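Trainee: The opening position of the sequence shown corresponds to residue 1 in our numbering, with each subsequent residue numbered one higher.
In case anyone wonders, no lab produced these hints; they're calculated from the structure. Keep in mind that this is a model prediction, so the values were computed, not measured. Be aware that one or more of the hints could be misleading.
[Unchecked claim] Distance condition first, Cα-Cα at most 20 Å in a straight line; then the derived EDC-like pairs of lysine to aspartate or glutamate:
#	residue 1	residue 2
1	Lys-198	Glu-180
2	Lys-198	Glu-220
3	Lys-198	Asp-182
4	Lys-198	Asp-223
5	Lys-198	Glu-224
6	Lys-198	Asp-62
7	Lys-198	Glu-179
8	Lys-198	Asp-212
[As the list claims (entries may be wrong)] For each label pair, taking beta carbons as the anchor points, the in silico distance ranges come out as:
#	residue 1	residue 2	range
9	Glu-179	Glu-116	23 to 29 Å
10	Arg-202	Gln-137	30 to 36 Å
11	Leu-264	Thr-144	38 to 44 Å
12	Thr-263	Arg-162	34 to 40 Å
13	Glu-259	Ala-204	23 to 29 Å
14	Asp-247	Ser-267	28 to 34 Å
15	Thr-174	Thr-263	39 to 45 Å
16	Gly-248	Ala-204	18 to 24 Å
17	Asp-172	Gly-130	18 to 24 Å
Virtual Cβ for every residue (Gly too), placed ideally from N, Cα, C.
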Amino acid sequence: MSLALLRSLPLFGAGEDPGPSFTGLLAAAGQPPDAGLPDVGSPRDLSAVTHGTTVVALRHRDGVVIAGDRRATAGNFISHRTIEKVYPAGRHAGVAIAGAAGPSMEMVRLFQLQLEHYEKVEGQPLSLEGQANQLSQMVRANLTSALRGLVVVPLFAGWDQRRGCGRLFQYDVTGGRYEEQDYAAGGSGSLHAGTVVKLGFRPALEPAAAVDLAIAALFEAADEDSATGGPDLVRGIFPVVVNIDADGYRRFEDSQVEERFRTLLASFDRTGEAPTDPNPDDTA
Numbered sequence: 001m002s003l004a005l006l007r008s009l010p011l012f013g014a015g016e017d018p019g020p021s022f023t024g025l026l027a028a029a030g031q032p033p034d035a036g037l038p039d040v041g042s043p044r045d046l047s048a049v050t051h052g053t054t055v056v057a058l059r060h061r062d063g064v065v066i067a068g069d070r071r072a073t074a075g076n077f078i079s080h081r082t083i084e085k086v087y088p089a090g091r092h093a094g095v096a097i098a099g100a101a102g103p104s105m106e107m108v109r110l111f112q113l114q115l116e117h118y119e120k121v122e123g124q125p126l127s128l129e130g131q132a133n134q135l136s137q138m139v140r141a142n143l144t145s146a147l148r149g150l151v152v153v154p155l156f157a158g159w160d161q162r163r164g165c166g167r168l169f170q171y172d173v174t175g176g177r178y179e180e181q182d183y184a185a186g187g188s189g190s191l192h193a194g195t196v197v198k199l200g201f202r203p204a205l206e207p208a209a210a211v212d213l214a215i216a217a218l219f220e221a222a223d224e225d226s227a228t229g230g231p232d233l234v235r236g237i238f239p240v241v242v243n244i245d246a247d248g249y250r251r252f253e254d255s256q257v258e259e260r261f262r263t264l265l266a267s268f269d270r271t272g273e274a275p276t277d278p279n280p281d282d283t284a
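Take the sequences, apply the hints, and build the full model.
Mentor: Here it is, written out as C-alpha cells:
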C-alpha cells in the first residue's frame, strides 16, 4: 500500500473506532450513507424516476425462494426491461428491491459491502438476524429521501445457520423490520402476487413447488399490474428466481425459468382459465 493511500485513510482514536460497522465508518468519516442521493425537491419532479416492481419471497421445507420481475417503469413508460431486483447478501441470504431503483441499488451495494467489511473485521460472517437488523438501519437512514418520494422497501431472506431454517423479513419506509413466517411480497404488483402465494402456500412446501408458486405469482401480478413485467418469450426475458438453503445462494438459469413458465402457460386452456377436473367425482 502506498504512503499516499495510507495518508488518505481516516484515522480514529481509541474511543472513536466504528468497529465492524461500515455505515458507522462512513458517518465517522463525515460521509453519511445518503450523502450521494439527490435533493429531488417536490413530488412533481419524480415522474422520471425509475421504479422497480414486483418481488416475492416464501419459505419452503429446505429454505426460501426469492423472485422478482425484470421491468422498471418511469411514470407510464417502461424504462428498463431487464433490471435486476434480487441480489446476494453474503453466502446464505438475498435481498430483493422494490421502489426507487437508483437508491435501492445503492443501498444493496452498501449492504453487501457492509457484510464483507464485518466479516473481514470480525473474522466471521454476520448472523442472519444481524444482517436483517443492519438492513433495517439502512432503510431508516433513507427516510429523508423516502419522504421526498425516493422510497426503498426491500425484502430480505436467507438460511439461518444457527437455527437451521429459512427466514424472511419485510420492511417499511421508517426502517421497521417484520419477520414473516410464510411469505411476503413487495412492489406495485404485491397485492396480486401476494394473493396467489397466499392461496397456494402450504407448510413445508417442496422447493420445486415453492419455485413454481413464485413464478405463478409474478405471472398473475404482470397480468393485472402494468408496471410488472411478465415472461417475454420474444426477447427471452424472464424473472430472476433464487433458491437459498443450507448449500447457499443459487440463482436459476433463464432456461430453467423459461421451462417452468412454459409449463405454467400450458396448464391454461384457450380461455385463459386453469383447467378443471373433468371427473370431479372420480376418486380413482
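Trainee: Now, for every hint given, state plainly whether the structure supports it.
Mentor: Hints and how they fare:
no., hint, result
1, Lys-198 with Glu-180, "holds (13 Å)"
2, Lys-198 with Glu-220, "holds (13 Å)"
3, Lys-198 with Asp-182, "holds (9 Å)"
4, Lys-198 with Asp-223, "holds (17 Å)"
5, Lys-198 with Glu-224, "holds (17 Å)"
6, Lys-198 with Asp-62, "holds (19 Å)"
7, Lys-198 with Glu-179, "holds (16 Å)"
8, Lys-198 with Asp-212, "holds (14 Å)"
9, Glu-179 with Glu-116: 23 to 29 Å, "holds (24 Å)"
10, Arg-202 with Gln-137: 30 to 36 Å, "holds (34 Å)"
11, Leu-264 with Thr-144: 38 to 44 Å, "holds (42 Å)"
12, Thr-263 with Arg-162: 34 to 40 Å, "holds (36 Å)"
13, Glu-259 with Ala-204: 23 to 29 Å, "holds (25 Å)"
14, Asp-247 with Ser-267: 28 to 34 Å, "holds (30 Å)"
15, Thr-174 with Thr-263: 39 to 45 Å, "holds (41 Å)"
16, Gly-248 with Ala-204: 18 to 24 Å, "holds (21 Å)"
17, Asp-172 with Gly-130: 18 to 24 Å, "holds (20 Å)"
Going down the numbered hints, you'll see the structure goes against none, and every one checks out.
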